[in-house]
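Chemist: Residue numbers (this note's numbering), protein chains in the order written: chain A, 15 to 359; chain B, 15 to 359; chain C, 15 to 359; chain D, 15 to 359.
There may be inaccurate statements among the hints.
Stated by the list, open to error - Distance condition first, Cα-Cα at most 35 angstroms in a straight line; then the derived DSBU-like pairs of lysine-lysine:
id : chain 1 : residue 1 : chain 2 : residue 2
1  : A       : Lys18     : D       : Lys18
2  : C       : Lys229    : A       : Lys57
3  : B       : Lys57     : D       : Lys208
4  : B       : Lys229    : D       : Lys208
5  : D       : Lys57     : D       : Lys114
6  : D       : Lys229    : B       : Lys57
7  : A       : Lys185    : D       : Lys74
Claimed, not checked - For each label pair, taking beta carbons as the anchor points, the in silico distance ranges come out as:
id : chain 1 : residue 1 : chain 2 : residue 2 : range
8  : B       : Pro282    : C       : Ser73     : 14 to 24 angstroms
9  : A       : Tyr225    : C       : Asp83     : 33 to 43 angstroms
10 : D       : Gln53     : C       : Leu101    : 57 to 67 angstroms
11 : D       : Glu210    : A       : Glu104    : 54 to 64 angstroms
12 : D       : Ala128    : B       : Thr211    : 30 to 40 angstroms
13 : A       : Pro282    : B       : Arg126    : 36 to 46 angstroms
14 : D       : Tyr43     : A       : Glu104    : 42 to 52 angstroms
15 : A       : Asp127    : D       : Ser73     : 35 to 45 angstroms
Since the hints were derived computationally from the structure, they do not count as laboratory data.
Predicted model only: the values in this text are computed from it and were never measured.
Think of the CB as a built atom: it goes at the ideal place given N, C-alpha and C, for glycine as much as any other residue.
4 protein chains.
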Amino acid sequence: MSRKVPVAIVGANGYSGEELCAILAGHPYVSVVAVTSRQHAGKPAGEVLPRLSRVGEFSKLVFSEPAMDLLLGSGAEFFFLALPHGLAAEYAVPLWQAGKRVIDLSADFRLRDAEVYREFYGEQHPAAKLLPEAVYGLPELHRHAIRAAKLVGSAGCYPTSILLPLVPLLKAGLIDSGDITVASASGVSGAGRKAETVLLFGECNESLRAYGLPKHRHLSEIEQELSLAASRQVAITFTPHLAPMTRGIHTTIFTRIAAGVSCEGILPALAAAYADEPFVRVSQSLPDTKNVTGTNFCDISARFDARTGRLILLSAEDNLVKGAAGQAVQNFNLMAGLDETAGLL
Amino acid sequence: MSRKVPVAIVGANGYSGEELCAILAGHPYVSVVAVTSRQHAGKPAGEVLPRLSRVGEFSKLVFSEPAMDLLLGSGAEFFFLALPHGLAAEYAVPLWQAGKRVIDLSADFRLRDAEVYREFYGEQHPAAKLLPEAVYGLPELHRHAIRAAKLVGSAGCYPTSILLPLVPLLKAGLIDSGDITVASASGVSGAGRKAETVLLFGECNESLRAYGLPKHRHLSEIEQELSLAASRQVAITFTPHLAPMTRGIHTTIFTRIAAGVSCEGILPALAAAYADEPFVRVSQSLPDTKNVTGTNFCDISARFDARTGRLILLSAEDNLVKGAAGQAVQNFNLMAGLDETAGLL
Amino acid sequence: MSRKVPVAIVGANGYSGEELCAILAGHPYVSVVAVTSRQHAGKPAGEVLPRLSRVGEFSKLVFSEPAMDLLLGSGAEFFFLALPHGLAAEYAVPLWQAGKRVIDLSADFRLRDAEVYREFYGEQHPAAKLLPEAVYGLPELHRHAIRAAKLVGSAGCYPTSILLPLVPLLKAGLIDSGDITVASASGVSGAGRKAETVLLFGECNESLRAYGLPKHRHLSEIEQELSLAASRQVAITFTPHLAPMTRGIHTTIFTRIAAGVSCEGILPALAAAYADEPFVRVSQSLPDTKNVTGTNFCDISARFDARTGRLILLSAEDNLVKGAAGQAVQNFNLMAGLDETAGLL
Amino acid sequence: MSRKVPVAIVGANGYSGEELCAILAGHPYVSVVAVTSRQHAGKPAGEVLPRLSRVGEFSKLVFSEPAMDLLLGSGAEFFFLALPHGLAAEYAVPLWQAGKRVIDLSADFRLRDAEVYREFYGEQHPAAKLLPEAVYGLPELHRHAIRAAKLVGSAGCYPTSILLPLVPLLKAGLIDSGDITVASASGVSGAGRKAETVLLFGECNESLRAYGLPKHRHLSEIEQELSLAASRQVAITFTPHLAPMTRGIHTTIFTRIAAGVSCEGILPALAAAYADEPFVRVSQSLPDTKNVTGTNFCDISARFDARTGRLILLSAEDNLVKGAAGQAVQNFNLMAGLDETAGLL
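Pulled out of the complex, with its shape left as it was, chain A reads as follows (with noise of 0.2 angstroms):
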């Protein structure tokens, strides 16, 4: 267990990259060998991201162009790519076919169908032919299958908080699929380092609404999942609201208990289904974002509401970890064979 798994970093400088830099820097089995940014290169790594300075090997890091050569003659064995989507799929695919194993942040391979890609993305998948091959990296879900993937397309910030409290419900048949509601609040990291004027500490401070309704980009994923999860097709509604913090994600869905299941036994359920999860909590506490963010957990609870007959699912979670860099890297222990939890915990 010694040895320690050359990595590289490919846009390490938004977000979910600088989390990801900042998880892999104290992660005990890997090492580091390239960070890139178009914008940054030539860099030192410490100064693009102070936080990270005189960070462990991060101090002798530089940021370089995100080349196919450089990044090939690196000696990285995993590539994370925390880019846009599209440009994602432009780097994954000659990784791929050189034999690299490769943890993708963004949409493009997240879903098995490159139609639901185009009618949610507004155009067409730029490698259809990778989709196939890819697992969707959510591990409670997809574990097994992720551990042998050679591409992972590391499941989405709002999907997570989603599917978690619902597909353990819906497999179990205990919840009605056809009833499905959801509102999220996400903190503003979610919306990516941007240079917009909406996204302005003057415009997002003392501001909440909903954005992006109704047909949010993630639906096709979170669709994609929970029709999985319940052997036929789900149609949800999904409302994501930006709330004035940096980090974290709230999700609460309005679901109804199947005919015949008792509302005692939804939150047992869920236990029992995570009781082996290392990064999902279950508890009688309504969960609040800041009891995991900075963590990898997932918090979910549950209430009835035994005057309209609805069962309330809620859920919390840090979007740049759980949501983005912290579940790549789960996927990422998953892959090389390492424990999943290693830098993470």
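Using the hints provided, position chains B, C and D relative to the given structure of chain A.
Modeler: Here is chains B, C and D on its own, set in the frame of chain A:
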């Protein structure tokens, strides 16, 4: 119109009370003749509320004990009660008996049925005999009755944000009153100026969480008014959340369009219902709390999720203004025969 | 007094411009006849600034191009320029030549000496010939000259918070003009509504940092006015910081009491100097930005550190109100012969 | 190195205590055998501190009463005291007498002179006889003595941020010890998890204010250590501010360069002094609290104001890590003969 109406504010030291002082200090037709606070009796108003120091007549006001003889001797004709529920009724009864007009910001006079009060507030109603005299203080619903009322139970913060989008649609039979689910998020001031650990900056900042599930007290007045609008008993699921901001409530409502109704008609129906309302803005744009904080506006919009057939209604208001002090002043303006927008625009 | 003065706002889309619109929308003696924005020309004002939608006459206003013929043909007698420095002068010159009266919120007309402008702003003054016509727009210092001025360079945000505590003490010879050090902290709106990465919520939240050291541009106007007050050339050390809040400036000043002066006399001297000022509150309580945001007040206090012999002066203001738009309206009120507090209290 | 050192945390429920738990939960050479809290005795640690639920051995820990017999019987060799001053000494004395080693996070053992304690803390020192045994717990200044100490008074948050930039310059005679002024700003967690109105979210958000002027308690330890470094009695002016963020301290120091010293030499002198320090980063870039929160780093920079001849020193740290819990663990690592950075990088 040049006469100034003498008013008193009982319990001026909480967040709603302070906001009430701020609004009334700038009201062109009001003279504040008494402000009370058990805790701060004897102190100059500008010392207790430094924000209002040297603002108009607040320079000269001194907090007094909330003693009934002082109140009755103050010359005030209208009394704003910004007190906890239960305590408010103790003041409302003698003031009403003395022929004064009362605007109560607590929940004590919002419900028509003392039994519902007992169910949701866990105690006997403190003045059930007065309930038939009280009017629910949401001007957009009960303007006519408010004008004549001697006792108004000013509508609550969450209820206002939920009732304004739903009531016109229920009245017109455009939506399914049997399928209504609500997710709201409130700024922390909604919990009051109470020295409780869970309300500390260090606990609320970078935190988002649901609370009070599944039977929040405000459900009682929400369902009372929804039922009135629908002419049948309505029960809804309501999940409040606490968001890391000082002010603002954002509400997202999920419902279904009634059979035979076109989704295109919903927003125009709302726009028509509120065309002449000075404080309700219906728009295609999604509401954002930052556009309403510090104002008496409630912003409303709607989206239709064609994929699932659900209607999404959204609203935003300032919990301390349209959700509390502004609403109280709007009620007062009606009761006093003033321009409804006086001091509020 | 019932006539409404027609005014135009050039550059109404930044934070200061929007605040100006908000204040003027509620001003009893003003009619806004034109608002301009290169970016938003042709759009209804309520769409660009949704906060002001349906607020008074803003319902009917449409943003226009900032073309000089449109401005001159608008009927406006007073022009507020909420533009970047350099650009403001391009509008001020023709407006001045056309006999209009101008309140410029930029730095273009705050300095008496074009050389100082070149030193601090790094370029030739764009309209040096007009400088002798301009008055420094801090009413507490230059009220008389402002009344008669055709062109006012409204004082900057940091300068206002620094000059108001210091000037009376320097004029009275109570402090040592040779030993003045200032640490100020500003909310993020002070940096303007610019789509820059460093101003993103994710960068500014949970962040506090100094910037612009050691020669911030505002030093030029600060030292100009301090020197005037002290009747000798004054140079100070000034360190601005960015704090994670939308609005507010807090300033802490370190200086020494002049020989023979008693420390007990400082606060009374400040209180006496501002006894009749409507917007300066001198108090024993330490200033807090939250007590002044949304108002045109500057709160001032003082402490003496007997252990080291240093005097500490403290002030707080809203950078967008007393530090920008409120100050501009206060200047306008003086120029237009209106009550100085109209629209501001 | 594989043995785990048994430690106890007394008072684990405040912000510093919780941070200590979080750090020690991930410390590779530590086993936490006891956590105490009067308020929460009997509750599982993961319930009181939900953030740490299911984190390593915290899953199994239960809060106990802080009774001395329980503590002595716990098997712990090292005791962290995260208690209010005064109370800490009550535990330190018997633990010390029993031969245990103590890291106290309170102010009780930071001062050499019980008289100074009485002057600044307003009461007799509760264990003056133990003061000669205690070492001031700032590793960068007293590493050698800390290694051997049985009782360490871990340095305070403000003092750390002020001493680290100043001490090397005073020791080398590069600055004027007679002219030092400090403006610091702290996140709200610095005030502790106390249910006080002034610490509510609604009071602290969008607020910035100075407090505790002019004689903050931390001055006592700051001046003790500055005087040691300068070999003469040093008195400074110190003004703390509360900023609307959870964590982080930013410190700005104004001083003058000693006669004959070149301003160009200051930053290199600091860089040289801290070249081998694992937790001090000297850089040309201005420090930002967001780059150090969650880490044990103190970032330092300097600027020279040639216009006034003043030197400006700047630093940033996490008040709960390098300013409290991280520092305590760094001290512990030294005392226990471990790698100084264990559990901290």
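Chemist: Next step is simple, just say for each hint if it's right about the structure.
Modeler: Evaluation of the provided hints:
1. Proximity of lysine 18 of chain A to lysine 18 of chain D is assessed by CA-CA distance (about 25 angstroms); at most 35 angstroms being required, the pair is judged to hold.
2. The hinted pair formed by lysine 229 of chain C and lysine 57 of chain A meets the criterion: a straight-line CA distance of about 27 angstroms does not exceed 35 angstroms.
3. For the suggested pair lysine 57 of chain B and lysine 208 of chain D, the alpha carbons sit about 26 angstroms apart, so the restraint of at most 35 angstroms is met.
4. The suggested pairing of lysine 229 of chain B with lysine 208 of chain D holds, with an alpha-carbon distance near 29 angstroms, which does not exceed 35 angstroms.
5. A hinted pair counts as satisfied when its Cα atoms are at most 35 angstroms apart, and lysine 57 of chain D with lysine 114 of chain D qualifies at roughly 26 angstroms.
6. Simply put, lysine 229 of chain D and lysine 57 of chain B have alpha-carbon atoms about 27 angstroms apart, close enough for the 35 angstroms limit, and the pair holds.
7. Distance hint between lysine 185 of chain A and lysine 74 of chain D is fulfilled; the C-alpha atoms sit about 31 angstroms from each other, no more than 35 angstroms.
8. Between proline 282 of chain B and serine 73 of chain C the beta carbons are some 19 angstroms apart, a value that agrees with the proposed interval 14 to 24 angstroms.
9. At about 40 angstroms, the CB distance of tyrosine 225 of chain A to aspartate 83 of chain C agrees with the hint of 33 to 43 angstroms.
10. At roughly 60 angstroms, the beta-carbon separation of glutamine 53 of chain D and leucine 101 of chain C lies within the given 57 to 67 angstroms, and the hint holds.
11. Restraint check, glutamate 210 of chain D to glutamate 104 of chain A: a C-beta distance of roughly 55 angstroms satisfies the suggested window 54 to 64 angstroms.
12. Distance hint check: the CB atoms of alanine 128 of chain D and threonine 211 of chain B are about 34 angstroms apart, consistent with the given range 30 to 40 angstroms.
13. In this structure the supplied range 36 to 46 angstroms holds for proline 282 of chain A paired with arginine 126 of chain B, their Cβ-Cβ distance being about 40 angstroms.
14. Distance hint check for tyrosine 43 of chain D and glutamate 104 of chain A: the Cβ-Cβ separation is about 45 angstroms, which falls inside the suggested range of 42 to 52 angstroms.
15. The given range of 35 to 45 angstroms is respected by aspartate 127 of chain A and serine 73 of chain D, whose C-beta atoms sit roughly 41 angstroms from each other.
Going down the numbered hints, you'll see the structure goes against none, and every one checks out.
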